[in-house]
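K.L.:
Please construct the entire structure, taking both the sequences and the accompanying hints into account.
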Amino acid sequence: MISIDANTILALLPPAGVALLALLVVVVDIAWPGRDRLLVVVGVGGLAILIAVVVIVGPLPGIGLLAGAQEVFGGAYVADSLTVLLDLTLMAIALLTILFGPDYLRPRGLPTAEFAAMLLFAITGGMLIAGARDLLLLFLALELLVLPGYLLAGYAKRDGLSTEGAIKYFLLGSFSSAIFLFGLVLTFGYTGTTNIREVAASVSTLVGTNGLTSLPPALLMGLALLTTGAAFKIAAVPFHYWTPDAYQGSPTPVTGYLSVGPKVAAFALILRLFVDALGSVKADWTPFIVILAAVTMTLGNLVALSQDNIKRMLAYSSIAHTGYILVGLAAFGAAPVGSAAEQNGLQAVLFYSVAYSFMNLGAFAVVAALQRRPGVTSQIATFAGLGRRAPLLAALMLLFLLSLTGIPPLAGFWAKWYVIQAALQVGGWLTLLAVLTVLNAAAAAFYYLRIAVYMYMRDPAEGAPPVTLGGQTRLGLALAAIGTIAIGLIPPVTIAVIAMAQSAAQALL
Amino acid sequence: MNFDEPRVVLLLALPLAGFGLTALVGRRLHQRAWVISVSMIVVTWVVAMVTVYQTLFAHAYGDGGLHFTLYTWVPAGNFHIDFNLAVDSLTAVLLIVVTTIGMLVHVYSIGYMAHDNGRWRFFAYLNLFMFSMLLLVLADNFMLLFAAWELVGLSSYLLIGFWYNRKSAALAAKKAFIVNRVGDFGFALGIAAVWTTVGTLNFTTTDAGPGVFQLLPAALQSGQIAPWMMTGIALLLFMGAMGKSAQFPLHVWLPDAMEGPTPVSALIHAATMVNAGVYFVARANPIFVQAPQAMVFVAAIGIFTAILAASIAFTQKDIKRVLAYSTLSQLGYMFAGLGVGAYTAAIFHLITHGFFKGLLFLGSGSVIHAVHEEQDMNKMGALWRKIPITHATMLIASIAIAGIPPLAGFFSKDEILGESFKNGFVWVWAIGIVVAVMTGFYMFRLMGKTFYGESHVDPHVLPNVHESPRTMTVPLLLLAIPTVLAGLYLGGGIFFGQETVLHQWLGPIFEHASETLGLHDAPFELAGIDGILLIIGAAAGAIGVAFSLWLFGLLDLGGERRNRIEAITNRLRPLYTASVNKWWFDELNDLIFVRIGGAVARALWWFDVRVVDGTVNGIAALTQSTGRGIRQIQTGHVQNYALGIAAGLLVMAVTYVFVIAR
Amino acid sequence: MSHSLDAYLILSALLFGVGTFGFLARRNAIAMLMSIELMLNAVNLAAVAFGAFTPELQAHAALIALLVMAVAAAEATVGLAIVIAIYRNRRTPLVDEYSSMRE
Amino acid sequence: MVPAGVLLADLGLPPFVPFLNWAWDDLLFLLLAGIMLAAAVFVVVGRDIVRSGVAMMLAFAALAGIYALAGAVIVAAAQVLIYIGAISILVLFAIMLTQSKSGPLSLVFHRQAWAGLLAAIGVAVLLIISVVNTTWPLAVTDRLVSVTNEVALLLFQDSLYIFLLQVVALLLTAAVVGGVFIAKREDSADPGEPAPATLERVRNPVDAAAETPQ
Amino acid sequence: MTQLVSGLPILTLITFTPLVGAILIAFLPKERLNWIRWAALGTALVAWVFSLLLLTAFDPGQSGFQFGEVADWVPTFGIQYKLGVDGISLALVVLTTTLTWISILASFAPIKERVKEYMIAFLILEVGMTGVFLAMDMFLFYIFWELVLIPMYLIIGIWGGANRIYATIKFVLYTLVGSLLMLVAILAMAYTYQANTGTWVGAFDYQKLVEFGFDPTLQFFAFAGFFLAFAIKVPMFPFHTWLPDAHVEAPTAGSVILAGVLLKLGGYGLIRFAVPLFPQAAHDWAPLIIVLSLIGIVYGAIVALVQPDLKKLVAYSSVSHMGFVTLGIFIFTEQGLHGALLQMIAHGILTGGLFLMVGVIYERTHDRTIAKMGGLAGVLPVYAAVFGFFVLGSLGLPGLAGFVGEFVTIVGAFDFYPWVAAVAALAMMLGAAYLLFMYQRVIFGDLSDFLKGIGHHLTDMTRTEVVTLAPLIVLAIGFGVFPGLLLQLWQGPVNDFLAHVVPGALALK
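Here the protein sequences line up with chains E, G, S, U and Y, keeping their order.
Take the first sequence: its letter number 455 is residue 455 in the working numbering, and every next letter is one higher.
Take the second sequence: its letter number 68 is residue 68 in the working numbering, and every next letter is one higher.
Take the third sequence: its letter number 92 is residue 92 in the working numbering, and every next letter is one higher.
Take the fourth sequence: its letter number 54 is residue 54 in the working numbering, and every next letter is one higher.
Take the fifth sequence: its letter number 421 is residue 421 in the working numbering, and every next letter is one higher.
Bear in mind the hints are in silico, worked out from the structure with no lab data behind them.
On a predicted model such as this, the values are computed, not experimentally measured, just so you know.
C-beta: ideal position from N, C-alpha, C; glycine also.
Misleading hints may appear alongside valid ones.
[To be verified] Using C-beta positions, here's what the derived DEER-type ranges look like:
(1) U:P137 x E:V41: 37 to 43 angstroms
(2) Y:D460 x G:R595: 56 to 62 angstroms
(3) Y:F450 x G:P388: 49 to 55 angstroms
(4) Y:G478 x G:D586: 55 to 61 angstroms
(5) E:G338 x U:L138: 28 to 34 angstroms
(6) U:A169 x E:I56: 26 to 32 angstroms
(7) Y:G161 x G:S625: 53 to 59 angstroms
(8) U:L138 x E:N7: 29 to 35 angstroms
(9) Y:F450 x G:W228: 51 to 57 angstroms
[Unchecked claim] Simulated crosslink set (DSSO-like; lysine-lysine; CA at most 30 angstroms straight-line):
(10) G:K167 x Y:K452
(11) Y:K112 x Y:K372
(12) Y:K112 x Y:K452
(13) G:K167 x Y:K112
(14) Y:K452 x Y:K372
(15) G:K167 x G:K317
P.N.:
Spelled out as structure tokens, the structure:
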């Protein structure tokens, strides 16, 4: 029979809490229609409480109530420090998005309720991915993550671009889900289980010392299918095609969310899949990850150079960041088993994901704030003279852009620092990858700074209207900025995030 | 209490203070801008004379002279350079020339610059020059000397370009500095070579430590350095001297330097600064005597410059340019003397030349002043009656430079020529005699065209021609005294079979050099070889003078004179053309440095913009265009995207299933 | 033949291929959606086949298939909603005409 | 439950298909597979999308048969209920709503159809090669009988599947809540960006300055 | 005095005083231009006074670092907040603080727009520059190094000339490429240290790393990374092309700081980091670097000859002058290093002065084309004199700061290899040529038609301008006559440096 004990409740508390919050939002909207502010209070308040609870309850080293990792449902779901770190990140993403989203949606006549509900549903999916140790759960959680995402992309349903982005995202997403699913079933059929630990055990007994060579073709095919599906979700080249179109079309807050939420969750999936399940054959998938990382960051940056649409540019930039994160994974893959470098690679992935979430979301929050007045396009030219029109907003944008560029001592710098050092620690080809990473970072500086050029070095357009910020947006921006700065500059915060990444990486190994 | 060292420091401090004060407040003194500066120099002169007395007459510092250190200038580890000064007899002799002519020029300038609004600047610069020049002669190590060397170059630059709104002046100033820098290039390397070899730059061994002049020959003797290295060092150092003293091929700046005010030409470009090279080579004689090839080179350059410059002086029409080429020629003599080992003679000529050439320049200034800033001798003539004092003093100086006894030039020039002959440099002597003829000729050509013959002065100006004010004529007269007597005093000993005064003074300095060169100090034989050489020398000058007077003579000959000149000119047409065009050195320089150099510079700039920067921008552009190319794959069609995904899947699957698994 | 696992899996692979072709080749959004449904069915077929030939997996396989159906239903709901929304904007169901955003 | 083969045997048929020497269930499998593949191919190549939809229902039905043959009776039932009963109907409604009609091939197929065909064949061939060349360690040589009640037990007793059921419930809730919002027609004029204007802007990007509302 | 200073965290005070000022200014109303200006000047003066206090308390000539301050930052990786000062850094810090207040004062009149942002940028720039000279931890150093980039980017980009955006982006990207590769090298070094000692403690500590002794391969590549970063900053041929563009477009004060301090960062980096950390590689690379230096010296001077723009000319002259610095460092002789250091200080003073002079005339004519100038001596006598002073100083006139550095370097080079000295000494001629050529055309001759057109706006230097230049004149003379003040200050560090290299190891004689 089912036995639910306190630990199960505690372990499931974060995703369940967010799911309930999503339902609560729906209910509140039905009970008191049109009360936007109330919804925001409910959403943000609920998330804040949950974050606090997770911080207190989560298995944080030293302060957590749970001792170590907590497995539930026969090991299908685990609440370990990786889960906690990703839960916190995802909830923070949701919180920030709900803060700065409504100010953009309201003037466009778009309701907050569905937006918040979809967002929370999606985040629930992401959080479930973070703790999933079962392929089936992984798949369902993934669907729970992306389906609301498709809807959010088409949220501005009267906007042709929004729906266009949504349908592209949806079609390709479903396509990749089907591919992923086939891979899942092949794995299931061969190993006879969907439990990741069992799959891992099965695979590792199969491979022995020969690596993939000794794997049956069906499992290899399954691996290829799974990799394709996962690579699609993180938008790695050449599976990235949906990204620019979906990002450009979506309402700006949604774009912000899409650029971080699904990405962090998809990396969680990759960690669970490639590290947990397929860690024993990492020698075989590592070359692909190395190539994916190199191609992804290079293509993302090169194409971003010539974009004139800020959202599209940031879309390509997010592709490039995927490439950087993959460097961490590649470092894990290329490092000798059991070495410090192995763990370091994973830490890099996690740290990068956290840092990236804050800075990229912050940048989108600025874009959204700028576009609060309907009719303001996403052309980079709208940033002209922002330094004079809205000095604070411009300064924040500069901050986020510098962080994205990787200028110390902001969060983005530490993130890059982490992946580069992870790659260097491994050495060999990874050194070249590290060099490629920094060259890419330099090239990326061009288009990030281009925004700064518009903001500070060009005059505002004639009669450009003043930029007004909503209170919630202010709060959201402030939080993102604090995150971006604190992770980089405030030693206790930096150390805490590093420690969390460390313990999360240990949990994976 | 010992005043020796403070006194020497005072020699530097006074002109420097004069410079500083005049620069700061001179402008407010208006007409009296000269007050500070001239008084400082007068005091300096007095101090200098005391020092000279102590050194030469009271013999207070012994043979080695006075050496002391003010402070450590460059304590760069092993490269330890003190700010140290020295006064010995060579310095003292130079002090006489520098301070005396300097003082007289200062006084002269009061009148000469009376109508120029920039006079405060002028006096400030003059004081700066005096400071630099005194530092140059007082410096006791190579680097300090080099610093002073550059500073006199700076003063020269400032004073040549004094009338800055004249383009020619500005260009001449620039040219002077840059050509000097060419010489200094070698000089600096030479100094670096010296330090690298012996680890110090102090001239002589003193209580403070060993000096180059002792260490370097020792190094050669001990085989630590090869003879060619010694020659190399000497030649590099000599390059500096060539620049400063305007020896071929670095002579081109000096004639142009005449763009400066005439007192400047007199002081800097005739009497003092241009002699710095001579002084330096004499000072560095222990190095040169160890490098015989370098000595020959010095002699050759010197005598070649002498004849080259004299040939150009034949045809110049600008009075100051004639004097400038004459200066070049006389400097050539000095270097010839240095090259043949006649150090004392070279310094002797330096002294006498300083006086009579200073006088000539100041005189020419007076003439120019009289004819309203006209420098073209073709627009002068028959002025001797109008400006008698100027004429008289200049005539004395001309006789002196022509080498007619018993004026100063005769003694010094003939000592150089005689020593050349006796030391085995007959070719130097032979060319020297030719130059002596030429000197007499061009000097009296100058006198003739300016003071004698028919008047070509602008009729409007003619009535106003008058003698210069007393501040100008008095210095002329004062300079005429040493022009007449210096030779006799310093070198007259030859007639009495004694060691001359100058030899007594400088003996200790050059003694060692003579020994090294193996020159026996034979007594002067008035009735023997020396007398013959003396007569030949004097005769050469006289021939030149006579021929010149026949051509440009005293009397008003009208058309007859022109016919004579034309006849000779036509007969020597190629030489004449070459002389008029100064052997095309300016054109050559223009070609090499302005045209070719400019083309090279422009080519390099093109290279910089197109190739170096082009590569940088090219990489950026390539990156951009690659990005633009790649973005084409984002077609907007979902089907294309899906195909991309499928392709990715296929590649991966094929690799896994067929490559890795096999 | 119906007693061989390979037969089911080959059938599943063929169905997956047909679905893939439909997705890559069709222009109509709904046709593409249907192609995806075919692909999901291919997955289900494979799952059921594994179940049919593996005693321990039989029930699990059936449940996988059921869950996938539920997911497919959710996907269809979302997809069709989006199709309807974009059709309202563009008046065409042809997906390759939705290429306002490219490059 | 009894296996399908036994059922067929009860009908008094000969043990093998006459002339072909095939088991009856093999014949049934081949028939159903043939129908399903043919229908599926028609779905993707048919010009008339309505007929494609109907063909899809046929394919689903044939597949349900195969499920039943493979002993997954409950899956077969669900296939009929969910796919044929719900999804296909949904699709057909959508076809009606979007007024999709049949048209020339150029309207049906994308330019890259040939490449799609190659890719699809590649995927299928790869899948076939890999599954055929794999020895499935857990598979038994013959197929098993149906296990419907085990499925039920697993679904409602195994905590994992209960949990997964909740997740699916969430998924469907989210899909419905969002889908309704997206598909819902709103008559009120949009105060935000009107769609055509947006498109214009994207197609002919002009200086944003000119566009920024005063 | 020493007592007073030793009780204070004086290095932190010097470094972060400007930051405090910048924050204060951020709260001043932006209309109060004079408050902002004086606050900025006051801050810079306070930092200057602190640096002078340090100077008085410093024990000159000693080896090793003084006034060390150390605190843990991110102990996980052994990253510390560690500052220290020796004779070399002290001289450069004082140069920085001096030039900063001079630059700020020189910006009073020319900068009329966005004064607040300008002053903030300038003060932050000072933080970065000072920090680079004082950082004793590689990580901290890198942070300060990059911190310099952004304010300068804004200063050129916002307050620069017509083509400022091109110039500033080029500046940033070029510098970034180099510094990111340096980051790779820093991390590789830290890793090697960690891998060999088994601890992160000290992995970024400069002093520990210097003693560590890396293997030749790592040295070779890590040196390349460091060298590229520093060579771009110096800038060495052929990495110099950003400099003319940046100088031409930068506002006057920006040019002053750029030439006066930023270029020194490169030279300082080579002396402090590149050579002592990787002595073996330094020897391997030295021949190439020496050749590049010589090319730079001659090439910069020749190209300067034909520059039509005053600032460009000075920029190319910087390439030539800074060639002496790199030459002096890499000949590995005592004289070479003394000369290089002296040349750095002298170049800072004199080229800074030259840029100020160009700024003065630009302020009046809004033009810098040499061909349009002429005859300024007549109308602006004070200007002509001061300009002449800096021209002469720059061409290495004895008695001014530039001479000794150049001369000592040549002596050192001669000791190393005579031909090297001969090529370097060519700059004596060429330098005189281009500077005097420029001076003659701008200052001498008759007043040009263009300048006549300026009319009564063509006024002589104002009192403020004289005040800004006076300290530079005093320093130029002071260090020319008493170079021992500086030479004795850094004799200790110079000996330390020489202990790392093998003098004469390269000598080909």
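K.L.:
Hint by hint, note whether the structure agrees.
P.N.:
Hint-by-hint comparison with the structure:
1. Taken as a hint, the range 37 to 43 angstroms is violated for the pair U:P137 and E:V41, whose Cβ atoms sit roughly 55 angstroms apart.
2. A C-beta distance of roughly 37 angstroms is found between Y:D460 and G:R595, which places it outside the suggested range of 56 to 62 angstroms.
3. One distance hint, 49 to 55 angstroms for the beta-carbon pair Y:F450 and G:P388, holds here, with the actual separation near 50 angstroms.
4. Checking the proposed 55 to 61 angstroms range against Y:G478 and G:D586 shows it is violated: the Cβ atoms sit about 41 angstroms from each other.
5. A hinted range of 28 to 34 angstroms for the beta carbons of E:G338 and U:L138 is consistent with their spacing of about 31 angstroms.
6. In this structure the hint that U:A169 and E:I56 lie 26 to 32 angstroms apart at CB holds, the actual value being about 29 angstroms.
7. Between Y:G161 and G:S625, the C-beta spacing of about 27 angstroms breaks the proposed range 53 to 59 angstroms.
8. The hinted window of 29 to 35 angstroms between U:L138 and E:N7 holds, with their beta carbons roughly 32 angstroms apart.
9. At roughly 55 angstroms, the beta-carbon separation of Y:F450 and G:W228 lies within the given 51 to 57 angstroms, and the hint holds.
10. Simply put, G:K167 and Y:K452 have alpha-carbon atoms about 18 angstroms apart, close enough for the 30 angstroms limit, and the pair holds.
11. Between Y:K112 and Y:K372 the alpha-carbon distance is near 26 angstroms, which keeps this suggested pair within the 30 angstroms criterion.
12. Proximity of Y:K112 to Y:K452 is assessed by CA-CA distance (about 26 angstroms); at most 30 angstroms being required, the pair is judged to hold.
13. Between G:K167 and Y:K112 the CA atoms are separated by roughly 38 angstroms; this puts the pair beyond 30 angstroms, and the hint is violated.
14. Proposed proximity of Y:K452 and Y:K372 is supported: the alpha carbons are some 10 angstroms apart, at most 30 angstroms.
15. A C-alpha spacing of about 20 angstroms is found between G:K167 and G:K317, which places the hinted pair at or below 30 angstroms, so the restraint holds.
Violated hints for the displayed structure, listed by number in ascending order: 1, 2, 4, 7, 13.
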